[in-house]
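Peer 1: This is what each chain is made of:
There are 2 protein chains.
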Amino acid sequence: MPKTVDHEVRRAQLADAVVRVAARDGLHAVTMRSVAAEADVSLRQVQYYFRSKAELLHGTLRHLEQQSRERWSARLAELPRPYSGRAVVEAFLAEALPSDEVSRAFHLLGASYAVLAMTDPDLAEQPFVAGLNHLESQLADALRAAQAEGDLPVELDVSREAARLIAINHGIGTSVLVGQRTAEEAEAVLRYHVDRLFGSSG
Amino acid sequence: MPKTVDHEVRRAQLADAVVRVAARDGLHAVTMRSVAAEADVSLRQVQYYFRSKAELLHGTLRHLEQQSRERWSARLAELPRPYSGRAVVEAFLAEALPSDEVSRAFHLLGASYAVLAMTDPDLAEQPFVAGLNHLESQLADALRAAQAEGDLPVELDVSREAARLIAINHGIGTSVLVGQRTAEEAEAVLRYHVDRLFGSSG
DNA sequence: GTGTATCTGATACAGGTGTATCACAATCGC
DNA sequence: GCGATTGTGATACACCTGTATCAGATACAC
Numbered sequence: 000m001p002k003t004v005d006h007e008v009r010r011a012q013l014a015d016a017v018v019r020v021a022a023r024d025g026l027h028a029v030t031m032r033s034v035a036a037e038a039d040v041s042l043r044q045v046q047y048y049f050r051s052k053a054e055l056l057h058g059t060l061r062h063l064e065q066q067s068r069e070r071w072s073a074r075l076a077e078l079p080r081p082y083s084g085r086a087v088v089e090a091f092l093a094e095a096l097p098s099d100e101v102s103r104a105f106h107l108l109g110a111s112y113a114v115l116a117m118t119d120p121d122l123a124e125q126p127f128v129a130g131l132n133h134l135e136s137q138l139a140d141a142l143r144a145a146q147a148e149g150d151l152p153v154e155l156d157v158s159r160e161a162a163r164l165i166a167i168n169h170g171i172g173t174s175v176l177v178g179q180r181t182a183e184e185a186e187a188v189l190r191y192h193v194d195r196l197f198g199s200s201g
Numbered sequence: 000m001p002k003t004v005d006h007e008v009r010r011a012q013l014a015d016a017v018v019r020v021a022a023r024d025g026l027h028a029v030t031m032r033s034v035a036a037e038a039d040v041s042l043r044q045v046q047y048y049f050r051s052k053a054e055l056l057h058g059t060l061r062h063l064e065q066q067s068r069e070r071w072s073a074r075l076a077e078l079p080r081p082y083s084g085r086a087v088v089e090a091f092l093a094e095a096l097p098s099d100e101v102s103r104a105f106h107l108l109g110a111s112y113a114v115l116a117m118t119d120p121d122l123a124e125q126p127f128v129a130g131l132n133h134l135e136s137q138l139a140d141a142l143r144a145a146q147a148e149g150d151l152p153v154e155l156d157v158s159r160e161a162a163r164l165i166a167i168n169h170g171i172g173t174s175v176l177v178g179q180r181t182a183e184e185a186e187a188v189l190r191y192h193v194d195r196l197f198g199s200s201g
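Top to bottom, those sequences are chains A and B.
Sequential numbering of the first sequence, starting at 0, is according to numbering that gives the first Met the number 0.
Sequential numbering of the second sequence, starting at 0, is according to numbering that gives the first Met the number 0.
Check the hints yourself; a few may be wrong.
Only part of the chain A face toward chain B is listed, based on derived beta-carbon distances under 8 angstroms [unchecked claim]: (1) His133; (2) Arg163; (3) Ser174.
None of these hints come from the bench; they were simulated from the model.
All C-beta atoms in this analysis are idealised placements derived from N, C-alpha and C, irrespective of residue type, glycine included.
All chains, full assembly: derive it from the sequences and hints.
Peer 2: Written out as structure tokens, the structure is:
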């Protein structure tokens, strides 16, 4: 037996390097060599832990999703119990908006992978769409809870409201990353949307 | 003087080739050679009409924007006068949804360029953001008109409604291109949104 | 210690990339 | 017709890409 390093940890470190390179220079700038340099590691090591570039990108996507789930449940844990439906919705919006560097990177990578998935169907689509659906149903659940609390009008179609929320969130996030809007302006638009949903009272 | 070909026409043909390649294989598959092959033209000719790849991509972006403007005004021309504010909004949503192959290509290219603009600030940002702002203000005007007609509640913030519409439209379009939703489902979500704006009566 | 399985560094290879060069064809003013 | 200007084909160059290879470290079981 040799050095016995934890492969999962190494892979996570390399995935982080991918994220940093892509957030800085774009996903097209992610090459085996640029990732190796970013992680301060030899090219061979990247090859060792990811047999191909496709595997590297695929692994990074899974890494991102796991991180996203962790951040999301951390945010939920901070919320006062029992959950208010509105609080969950606002937490979701705050989380996904590219306000700080971490969420900026996350959103940028998400958009990059989405574009890839548009023309590389089988490769990136499966985990990608699955993640989106998961999020959407979680959000729909929160909306349903809000309806039960009497916070949200019962005549609203929760699944469509969830779809609308994710869509608006993705769209407004993109506009921030592209430089059309500041994060503050984007937040105002989102707050406007939530106010129109729940009523502006709070 | 030599053959005297119309450079603008040639450039437009090459830009169309870029669009076809990108819509089929992704923007990363757009190379000087692939564009030449798609346009059934020599590599040299692509080089002749676009001095560099950056210029090719830049020119294609401008070409797309011009096309988008033309399609948009064609749709407006089909509308019964005087414009109903709601009709303008619905025309906008119908236009931008990736339902047919043309709008699919348009939306896919738009998303790809958006991702590029996120990390190539100065290059693609200027025309890109300008186009978005133009569209947004046009939409805000239509909403204001609807308010004047009494179609739309006057207490609504038209600029935020316009931002919301564009965001939701972009987000839902992406979900279609990624394969999460069909165009029909997306249209239902959009119609839901418009109904909640104007009232479901019609 | 020693051997063996795990890990790693250096380097090579074939293919694709954007770009440049050079000679030649095509066209029009005169 | 002639010659200058514009357009075009073939080809070469340097660089970067993903991937493969091969010898040599490293660290534990025994």
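Peer 1: Now tell me, hint by hint, if it's right for this structure.
Peer 2: A quick look at each hint next to the structure:
1. At a threshold of 8 angstroms, the smallest CB-CB gap from A:His133 to chain B is about 11 angstroms, leaving the interface hint violated.
2. The interface hint given for A:Arg163 is met, as the beta carbon of that residue sits about 6 angstroms from the closest beta carbon of chain B, less than 8 angstroms.
3. Among the interface hints, the one on A:Ser174 holds; its C-beta lies about 7 angstroms from the nearest C-beta in chain B, closer than the 8 angstroms criterion.
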